[in-house]
Amino acid sequence: MREVYIIGIGQTPVEEHWDRPLRELGAAATLAAIRDAQIEAPQALFVGNMLSGATCGQENLGTVIADFAGFNGIEAMKIETACASGGAAVRAAYLAVASGAHDVVVAVGVEKLTDLAIEDTTGALAGAADADYEAAHGITFTALNALMMRLYIERYGVRKDDFATFVINAHNHARGNPNAMFRKPVTLEDYARSPMVAEPICILDSSPVADGAAAVVLCSADRARSLCDRPIRILGSSLATDTIGLASRREILRCEAIRRSAQLAYKQAGVTPKDIDFVEVHDAFSIVAALSLEASGFVKDGQAIPFALEGNIDIPGSLPCSTRGGLKARGHPVGASGVYQVVEAVEQLRGQAGDTQVKDCRLALTQSVGGLASVAVTHILGN
Amino acid sequence: MQLARFHRLKPCYYRLEGTRCAKCQTTHFPPRQRCNQCGATELQSVRLSRRGRVAAVTSIHQPSSGFPKGSQLMAAIVDLEDGVRLIAQLTDVEPEETSVGMAVEMVVRRLRTDNGDGPILYAYKFRPVLKRT
Amino acid sequence: MSGEVKLLRTHRPVGITSYGAYIPRFRVRTEVIGACWGVGPERIPVRSKSVPGPDEDTTTMSIEAGWTALERAAVPVEDIRAVWVGSESKPYAVKPTGTMVAEALGLSPYVNAADFEFACKAGSEAMQAAIGFVGSGMAPYAMAIGMDTAQSAPGDSLEFTAAAGGAAYLIGPAETAVCTIEASLSYVTDTADFFRNAHAHYPQHGRRFTGTPAYLAHSLGAARGMLDSLGRTAKDYQWAVFHQPVPKFVRGLAKKLGFTPEQIEPGFLAPYIGNTYSGSSLLGLAATLDRAAAGDRIFFTSYGSGAGSDSMSLIVTDRIREMRMKGPMVADYLARKREIRDYGVYLRHMNKIHTE
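Protein chains in written order, with the working numbering: chain P, 1 to 383; chain A, 1001 to 1133; chain B, 2001 to 2356.
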């Protein structure tokens, strides 16, 4: 397979975009990435999105974005893997170039969640889990994550309030990201007072529902050389799945999809966790941030919280996490988040992160997770 | 929920039916067409144990649309006596009365009624085992 | 009516092979209801009544009672050829409760399932039909259930007593019975003492008209017809079970027929859980059977507005002890209690608050 490079990035702010429809958000991010890459048009477009049907009545989203971005006729398709849809769109774009099928493609993640009442969004998001045996029973997506958090707390004896460290960290890093939804700091007191969503997950444990779009331009090595001064290489790209139902897992806390995906990516890139300079984890809930660090091999099982509490996930730390705010503070327009992660990693690798720059970073790991860690997409990027 | 979809789910929702692999005896819930342990396709329909223990529990404060307001909805991971694990609502219990390891048994209860006048969805839930005096 | 009344007797001897009860966990003290409406406890006939949980209805409760009856009987499910549910709080106005119970209990598909309605005697109606079904030899077993989540208008006097619960009876051949059924008798006239119009949320009742001309007349009609035809008196029975709208009616009826307070005590649940309508006399019978000994005679008379009564004369067998140990008893359900202390929460449980 050929080498693949990222030569352009684009994004909209993450917020409640009352004035902007889905197609406009997707087209805007795509065009921003095209401009950044200094190209005219991609040969193919991969649109990551989870809920366009449920929230906007729109399927066939690949066609819609290609059409409204002005690329009528190109290969375009919607890619869906629940909350990892953005990551999967990047994966599909990677495969298109690596296989030699295309030389220049775009992966855009776009999501519009805020038009629906919160109960309806909750109902729609539950489709990421088992529709007939979890969602239909009123067991919300948050509730399933809460059950994982309960098992984690029971097994490792950590305190619930210790999870605040991931939240405080994410908000702290968002101060440097003009596109982030929440840029103000969060304190331990704020966290302790935060109302419960599904016990023990509180509002501050949970990434916000929002709208947004982010896009990346991927191309082959020779195109990268001719088009771009500082292309970022995709050294590893993988996707793995696990059972759809949480109760079907051999061992819930092992997060096998994340484990498998990370190992495949390290192997392909020829690196180990120690080589990674910073990581964009899927911190949809603080428990997922902790489990991701463990399943990706950065720390031993049960050690994520002590690791974080020691300051390792801060920007001057040994493994900065959520360096542009993560899903928690930048926001989580679900199908777009996986692409935001790659865009943000590229900003860091290009040295464009200002106040919140990870100094001398060379290698990044981005990880987009869907369902109850039932699908995970890992990319390893290097400059 | 569409009538046909609910109809297909009834053996599971009303009677907690799963599948058992004729080759390796693994029991599955939800029912499968192919054993996820040994890959065999000779599977029999079986009724699962109705008793089990709670492995984890949560109280849901932000329910999905269509679920009744006001009542504390609780979800739990339940490990049944026959070794099958599933996730279900708990009922007939207050949050402060729940604990990891508590013994529970299956009952059939109302899940919800779509749009107030649609079909009534009934399904399995679990409650503390009824004490016998 | 005199001893000329012909009792209903079956072609072959039948009895109750097993039974199961159900009472929901919630209770509300009636003084909580009275406090909202300015009615002091001295004017309220029962102290507390049972309230269904938000996820319960006649279907769910019938499934549990039916399941207990099945577990205790250990008969092949293919031999149970009918499941009939009597209720005045059917979850659907049109769609049988019986089919849902049949599916949940694994009795489908070669089974008859339908719902009965005759106000509070719908359960004993279902029993009568099951007695005939089995007694004629059409089927080895039939299940009859009386179950209600009785509804009442806020502020109406019925709100103090309308409750939730009932029981399921597996009727089968006398050889397997824990209690044989000697004979039964139905006494029915068209008497509109209590009814609910199709479009009304809540029933209406005829106040004092529900007493002597309704409850009393029909209960006595069936009971005396039964006793006279059998040539017996109250003294020939160990126990008696009556329909229980309010305690005063039950005590009055028992006295008129010559039954003592001790004879009605095991089945007299109304003071604790209120009136479970179609479940009332069936729950009372279950509670009595839970205490009865082999050889005991039980006198049973139900009542349903509209109006009518079903009387039965029963004899307990030596199979009762073993059978009732195999599942929860009425006392287990009575012991399981969670108080609702707020009238608003009670109204929410009963779906009496319109949100649209």
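If you're looking for bench data, these hints aren't it; they were derived computationally from the structure.
A couple of the hints might just be wrong.
[To be verified] Calculated lysine-lysine pairs in the BS3-like style (CA-CA distance at most 30 Å, straight line):
1) A:1069 with B:2006
2) A:1069 with B:2256
3) P:184 with P:267
4) B:2255 with A:1131
5) B:2352 with B:2006
6) B:2326 with B:2006
7) P:267 with P:160
8) P:274 with P:300
9) A:1131 with P:160
10) A:1131 with B:2006
11) B:2326 with B:2337
12) P:160 with P:274
13) A:1131 with A:1023
14) P:300 with P:160
15) B:2248 with B:2235
16) P:267 with P:300
17) B:2255 with A:1069
18) B:2337 with B:2352
19) B:2095 with A:1010
20) P:184 with P:160
21) B:2326 with A:1010
22) P:359 with P:300
23) B:2248 with B:2326
24) B:2352 with B:2326
How the hints compare with the structure:
As the CA atoms of residue 1069 of chain A and residue 2006 of chain B are separated by approximately 55 Å, the hinted pair breaks the 30 Å bound. Our distance criterion of 30 Å between C-alpha atoms is broken by residue 1069 of chain A and residue 2256 of chain B, whose separation comes to about 49 Å. Between residue 184 of chain P and residue 267 of chain P, the direct Cα distance comes to roughly 38 Å. Violation of the 30 Å bound is thereby established for this hinted pair. Between the alpha carbons of residue 2255 of chain B and residue 1131 of chain A the distance comes to roughly 36 Å, so the proposed pair goes past 30 Å and is violated.
A distance of roughly 45 Å separates the Cα atoms of residue 2352 of chain B and residue 2006 of chain B; the hinted pair therefore is violated under the 30 Å criterion. At roughly 37 Å between alpha-carbon atoms, residue 2326 of chain B and residue 2006 of chain B are farther apart than 30 Å, so this suggested pair is violated. With a C-alpha separation of about 35 Å, the suggested pairing of residue 267 of chain P with residue 160 of chain P is violated against the 30 Å cut-off. Between residue 274 of chain P and residue 300 of chain P, the direct Cα distance comes to roughly 13 Å. Compliance with the 30 Å bound is thereby established for this hinted pair.
Of the pairs offered as hints, the one joining residue 1131 of chain A and residue 160 of chain P is violated, with about 33 Å between alpha carbons and a cut-off of 30 Å exceeded. The suggested pairing of residue 1131 of chain A with residue 2006 of chain B is violated, with an alpha-carbon distance near 45 Å, which exceeds 30 Å. Among the hinted pairs, residue 2326 of chain B with residue 2337 of chain B is consistent with the structure: their alpha-carbon atoms are about 22 Å apart, no more than 30 Å. Proposed proximity of residue 160 of chain P and residue 274 of chain P is supported: the alpha carbons are some 28 Å apart, at most 30 Å.
For the proposed pair residue 1131 of chain A and residue 1023 of chain A, the alpha carbon gap of about 38 Å is over 30 Å, so the pair is violated. Proposed proximity of residue 300 of chain P and residue 160 of chain P is supported: the alpha carbons are some 19 Å apart, at most 30 Å. Between residue 2248 of chain B and residue 2235 of chain B the CA atoms are separated by roughly 22 Å; this keeps the pair inside 30 Å, and the hint holds. Taking the CA atoms of residue 267 of chain P and residue 300 of chain P, the gap is about 19 Å. The hint holds against a cut of 30 Å.
Only pairs whose Cα atoms come within 30 Å are accepted, and residue 2255 of chain B paired with residue 1069 of chain A is rejected, the gap being roughly 47 Å. For the proposed pair residue 2337 of chain B and residue 2352 of chain B, the alpha carbon gap of about 22 Å is at most 30 Å, so the pair holds. Between the alpha carbons of residue 2095 of chain B and residue 1010 of chain A the distance comes to roughly 16 Å, so the proposed pair stays at or under 30 Å and holds. For the hint pairing residue 184 of chain P with residue 160 of chain P, the CA-to-CA distance comes to about 22 Å; that is within 30 Å, so the pair holds.
The straight-line distance between the Cα atoms of residue 2326 of chain B and residue 1010 of chain A is roughly 27 Å, inside the 30 Å bound, and the hint therefore holds. Among the hinted pairs, residue 359 of chain P with residue 300 of chain P is consistent with the structure: their alpha-carbon atoms are about 26 Å apart, no more than 30 Å. Taking the CA atoms of residue 2248 of chain B and residue 2326 of chain B, the gap is about 34 Å. The hint is violated against a cut of 30 Å. Pair hint residue 2352 of chain B plus residue 2326 of chain B does not hold up; C-alpha atoms about 37 Å apart against a cutoff of 30 Å.
Going down the numbered hints, you'll see the structure goes against 1, 2, 3, 4, 5, 6, 7, 9, 10, 13, 17, 23 and 24, while the others check out.
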